[in-house]
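Chemist: Here are the chains, one letter per residue:
Number of protein chains: 2
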Amino acid sequence: MSIDVDRERFVETMKEQADIGGTEDGGLYRLTLSEEDKRIREWFTTQMEEENLDVTVDEFGNMFGYREGRNPDAGTVLVGSHLDSQPYGGIYDGAMGVVAALELVRTLNEENIETERPIEIVNWTNEEGSRFQPAMQGSGVWAGEHALDEQYAQTDAEGNVFEEELERIGYKGSVPAEPQKEYDSYLELHIEQGPYLAEHDAEVGIVTGIVGFTWGAITFCGEADHSGPTPMHYRSDALVAAADVITQIRRIPGTFGERTVGTTGYIDAKPNSINIIPEEVTFTWDIRDPDPDIIEAARERVLTEAEYASEREGVDWEYEDRMWTDPVHFADKCVGAVAGATDRLGYDSMRIFSGAGHDATHMHKLMDTGMVFSVSENGKSHSEKEYTSWADCYKAANTLANAAFELATE
Amino acid sequence: MSIDVDRERFVETMKEQADIGGTEDGGLYRLTLSEEDKRIREWFTTQMEEENLDVTVDEFGNMFGYREGRNPDAGTVLVGSHLDSQPYGGIYDGAMGVVAALELVRTLNEENIETERPIEIVNWTNEEGSRFQPAMQGSGVWAGEHALDEQYAQTDAEGNVFEEELERIGYKGSVPAEPQKEYDSYLELHIEQGPYLAEHDAEVGIVTGIVGFTWGAITFCGEADHSGPTPMHYRSDALVAAADVITQIRRIPGTFGERTVGTTGYIDAKPNSINIIPEEVTFTWDIRDPDPDIIEAARERVLTEAEYASEREGVDWEYEDRMWTDPVHFADKCVGAVAGATDRLGYDSMRIFSGAGHDATHMHKLMDTGMVFSVSENGKSHSEKEYTSWADCYKAANTLANAAFELATE
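Which chain is which? The protein sequence lines are D and B, in order. For the first sequence, UniProt numbering begins at 1 and goes up steadily by one. For the second sequence, UniProt numbering begins at 1 and goes up steadily by one.
If you are wondering where the hints come from, they were derived from the structure by calculation, not from laboratory data. For each residue, glycine too, the CB sits at the ideal point set by N, CA and C. Honestly, I wouldn't trust all of these hints.
[Stated by the list, open to error] Here are the simulated DSSO-like pairs of lysine-lysine, each with C-alpha atoms no more than 27 Å apart in a straight line:
# : chain 1 : residue 1 : chain 2 : residue 2
1 : D       : LYS385    : D       : LYS15
2 : B       : LYS270    : D       : LYS270
3 : D       : LYS270    : B       : LYS385
[Stated by the list, open to error] One side of the interface only, derived from the structure: several residues of chain B facing chain D at Cβ under 7 Å:
# : residue
4 : ALA243
5 : GLY265
6 : THR284
With these hints in hand, go ahead and build the complete structure from the sequences.
Modeler: Here you go:
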């Protein structure tokens, strides 16, 4: 049994939300707890109320809309994503996941369909992590991964405090930021943010999990000497050692797994003057893979290369592990529901691991979780160049609705 | 005919000057136009007046002490260096060159020696370039390389204006900052700031010239993508391209001249975030050699490597030449005078090219010029670790005095 999201209404709703904080170049500037965030929350509240959902806002600003099921004791199916954006981000990203959840409810209401399990749709606070850190903050608090008070105290670049900004926009609710009922499962639709689906001509991604990652930083300490009179063989150049390791990090993915990626995103050199040999250079690693053994082996390889570079250049070195996230493998039940939906709907789909973290990462710790990906043209995201055709957006939304419907029906 | 500088007096004078702005760890913090610079200038004025020199200060603060010669029409021999220091610099650097010039005059006065040519000793304003840019500023203005007004307008990191600071310490003189008489030659004693003399067990360096250099910057422009979902083969990573070229700059000296050095001292990455692939990276080159053809060939090699790296990473690139200084070859007359002095005095000497720029660079454009180097232990300079034994300091000072005496006598 299938349901059928109204394509025209879905696209219109997508355009409506994209107008709130929309940029001149067709992107979205809707930072968490900003005026634009306030307006999109008001808009979302109205949409939920129009569907007669029981709307609640928790003390961290996470917004929920509850639709009763036939069996009030059955665990609820939670469906949603986030409405905030990066600075000059795209209009799809997480917003499509919230609109698709809304469309699920609208479709069920329109068809007067009663589900066995209750369905709840959700807009998580601050998924992006660009104004306040960390990313996936609202779902992280709700899942008990972060302490509420610590997160309230976070400040943005201008020194504004999270809790005050949440109160200012009127979305500090009274409900505790933690599960208030029994949940069965969580489903989330998001754009892929990578090129795999497009490369394989797939319309919809059946997400089987989320890669894990290791973050860390290496610091080389050499000697700051004058770049003129100091012969090459006298030098202990911290930047040359860093450059050595950065090129090795570029190569690491070629010697480990098919999906391994390795990045140096940050570098800082001291004293950073054209005619002084760099004394101290700090740079980071970010290595991801679906397999934790590969992540660990690649991390070890980076440290080994740092040791080699330190010997070659005669510089001291140290490193600091900054974060480790285990890969997530989604529940068979949820992956199966998504795969079943694409089968029934006749969409070209493929199974895919997510390269980025999502609110689903936190939900996975609480309940059976799954995700649907839409194609990202050229893999672009967090950019005004982010693009997915309405046809592909619709297929992903319809997949989400049908998978959630199946989970709520079983 | 030789003269003999009084070693004890020379060492005492070195210690006296090192007390003015001396640091706890035996270094010197005597930034140009600071209170310490004012005090060392007052001290230097007193020393010159005690030797009955005709003291003048020009409008840029360059200080001169003139001693008449037998033939008032003969070109003057100019001898000196600079009394300012880097932050936490060493006590030898340029100060020894000024003290040695003072000792030349003291020795001639003590022995009642009249020279054929007049002798003038000099303390150049702001050789270091650490508080106000550029380095070698006072000698550059005096040589007509920099416009006076532009240099007056330079500001330090706190926004203090050069001209106001010069007036504040009372050393904006009335004499135009340009040659006021005919000069025959210029001699300067400085520490080597490199390890060559020590490596070759030489006590004194007969400086034959100063290396030339090219400065420039390369910018790679790639694409800022999410470090997770972006596969390696989709990336255009500006930092990887930069790292490639930085390691090549490290290798360039091994394929060009014996004295070629290449350095990347500065790097800036954007957006510089651990989980975003670097979009734009700018870094510098600094390549030096005694041979201009080698400098040019090495610069071309860097640009070729940048082209290769840009192709490999699929990033755009551009470059900017920032400075070019031709190598300086000192006058045979001056090099011969220094070499003759070390021969007569029986010092172990070697001919050496300077890897760093000096006030002599500017003087070379106006008159026959030469330099004497003292050993720098471990090649350290611009550091409190800078060290030269008093025995070696003395030999360098005595060499300078005898070489200048020869030039003034001929």
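Chemist: For the restraint on ALA243 of chain B, tell me whether the closest CB of chain D is nearer than 7 Å.
Modeler: 4 Å, holds
Chemist: Quick one, are LYS270 of chain B and LYS270 of chain D close enough, alpha carbons at most 27 Å?
Modeler: Roughly 17 Å between the alpha carbons, so the hint for LYS270 of chain B and LYS270 of chain D holds.
Chemist: Could you grab the alpha-carbon distance between LYS270 of chain D and LYS385 of chain B and see if it respects the 27 Å cut-off?
Modeler: 19 Å, holds
Chemist: Is the interface hint satisfied for GLY265 of chain B? The criterion is a beta-carbon contact with chain D at less than 7 Å.
Modeler: 5 Å, holds
Chemist: Taking only the CA atoms, is the gap from LYS385 of chain D to LYS15 of chain D under or equal to 27 Å?
Modeler: Roughly 16 Å between the alpha carbons, so the hint for LYS385 of chain D and LYS15 of chain D holds.
Chemist: Hint check: is the beta carbon of THR284 of chain B less than 7 Å from a beta carbon of chain D?
Modeler: 5 Å, holds
Going through the hint list in order, the structure satisfies each hint without exception.
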